[in-house]
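Chemist: Chain by chain, the residues:
2 protein chains.
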Amino acid sequence: MNGKTREEYLSLVEKTLEEVLPGPAERPAELGEAMRYAVGSGGKRIRPLVCLASAAAVGGRAEDARFPAAAIELLHNYTLVHDDLPSMDDDAERRGRPSVWAKYGEANAILAGDALQALAFLTAARSPRNVGGVVAALGEAGVGVVQGQVEDLKREDGAGGPGPLPAESVDFVYARKTADLFVAAAAMGALAGGGGEGDVEALRRFALNLGLAFQYEDDLLDGDSPYSRERTEELVRQTTQQATAALSSLPGDTSFLRALAEGLVGRSR
Amino acid sequence: MNGKTREEYLSLVEKTLEEVLPGPAERPAELGEAMRYAVGSGGKRIRPLVCLASAAAVGGRAEDARFPAAAIELLHNYTLVHDDLPSMDDDAERRGRPSVWAKYGEANAILAGDALQALAFLTAARSPRNVGGVVAALGEAGVGVVQGQVEDLKREDGAGGPGPLPAESVDFVYARKTADLFVAAAAMGALAGGGGEGDVEALRRFALNLGLAFQYEDDLLDGDSPYSRERTEELVRQTTQQATAALSSLPGDTSFLRALAEGLVGRSR
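Chains A and B supply the protein sequences, listed in that same order.
Mapped onto the working numbering, the consecutive letters of the first sequence carry residue numbers 109 to 377.
Mapped onto the working numbering, the consecutive letters of the second sequence carry residue numbers 109 to 377.
Hints were generated in silico from the structure; no laboratory data involved.
Note that the structure is predicted; figures quoted are calculated from it, not measured.
C-beta: ideal position from N, C-alpha, C; glycine also.
Careful, some of the hints might be misleading.
Partner residues aside, some chain A positions facing chain B, computed with beta carbon under 7 Å [unchecked claim]:
1) P136
2) E214
3) L219
4) L230
5) G250
Some chain B residues well away from chain A (every beta-carbon gap over 12 Å; in silico) [claimed, not checked]:
6) P132
7) I154
8) E305
Turn these sequences into a full structure, and let the hints steer you where they fit.
Modeler: Shown next as structure tokens:
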């Protein structure tokens, strides 16, 4: 038993983010301010939680995955900053406050996102072991999430916003834009925690299915699934089952990851 | 004597860039196309040349630095794509052809730049040794170059474009926006080539001064130096001398780097 509670994990994530983000004295001050605003605080931090708990699931120490965990959250937040830009989704609000471009201007938002991405890799490189594998996992997600966003921007404009994804794009966008970050989080945590190849693979499978379940469930919540409600509920069940099944062979404490997957199902009911 | 000619280095750089960039069959095709367009071909590739020759300068094999060399060129090109954006320098042309946003649209240019940055780190992680140090060097430059650009955007608008840099910003912008990429190129090459700590430090010093000399000389060529012509020529001489002096302790073949530094001086005369 080496896993921790959600509160302990969250505190490790927030502490590490604070440690790696530029402080108010770092020049230029407005860049650091926009970066800290983008990363915010008090979010759900699901991806870093997956990363820390994956280290525990291979029998390692969650602390060893704290820099990879911060790295995946930095990468995730940079993608949100760029997705919100006027030339992309044109969202002036995020989490109930002005989005980064609405608050700091478009150029500063692009640059804050760029710096967050660089900082994500700089932080991942501080993993105490398997740095090459950790950075490669983050890099694959970094490329994948952009591939997903380019495909996502192909939606035709409909009444009141962009229309649904064309059928042939759904699997690609969900895998690249959503699941890739979960897969990287789990793989980085497993590698930083000292997991062997088989354990890392099992956690990738877990995270792919968790990411897909998360996306289908989100579609149910938002009422804009590309499939029927019945079919989407079936997909949530299937992917959640496959996620938890992938945990069975792992040597460490998988209770946190299992509870996370099972907690996703039924958010919409 | 383990150094190579400029043509051999260039061919290694182009071959490696082609190997790591997405091919036409990779989805979504338009992202890969914009990325390949941004990186272009037949450029001077000064930063990757510095990287390869730094491996030789520590007595290592240039081939061992080919992924780090490609990585620094990918990072450099992403910064150009974003610098050209309408909300930044608003340049519709680059190297005599339409800039990426002018050809592919603003959203695709932001995303192609984002993917190039991720690919840069993914490629750096393929260094055959010292992956942690190689990625950290690239990450520091990745953050630094954005800090420099944020400071650079503070120029007041003048007649016919942005005015000169305020005096207190010159050193900061030159170090972060220009020299940091040269320093990362040299450090990555030295680390990938198996150089010891002292050799890596000497090459960082070389590259910092080379980068500054490069920038001052550019100012002379463009006629927009923040200092008098006489003072700028003096700065070019000083930094070039400091660059070549830093090479003297290195165990490998430094002839390429020496010629590169000396070739910079006098471009403007």
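Chemist: Which numbered hints are broken by the structure, listed smallest first?
Modeler: none
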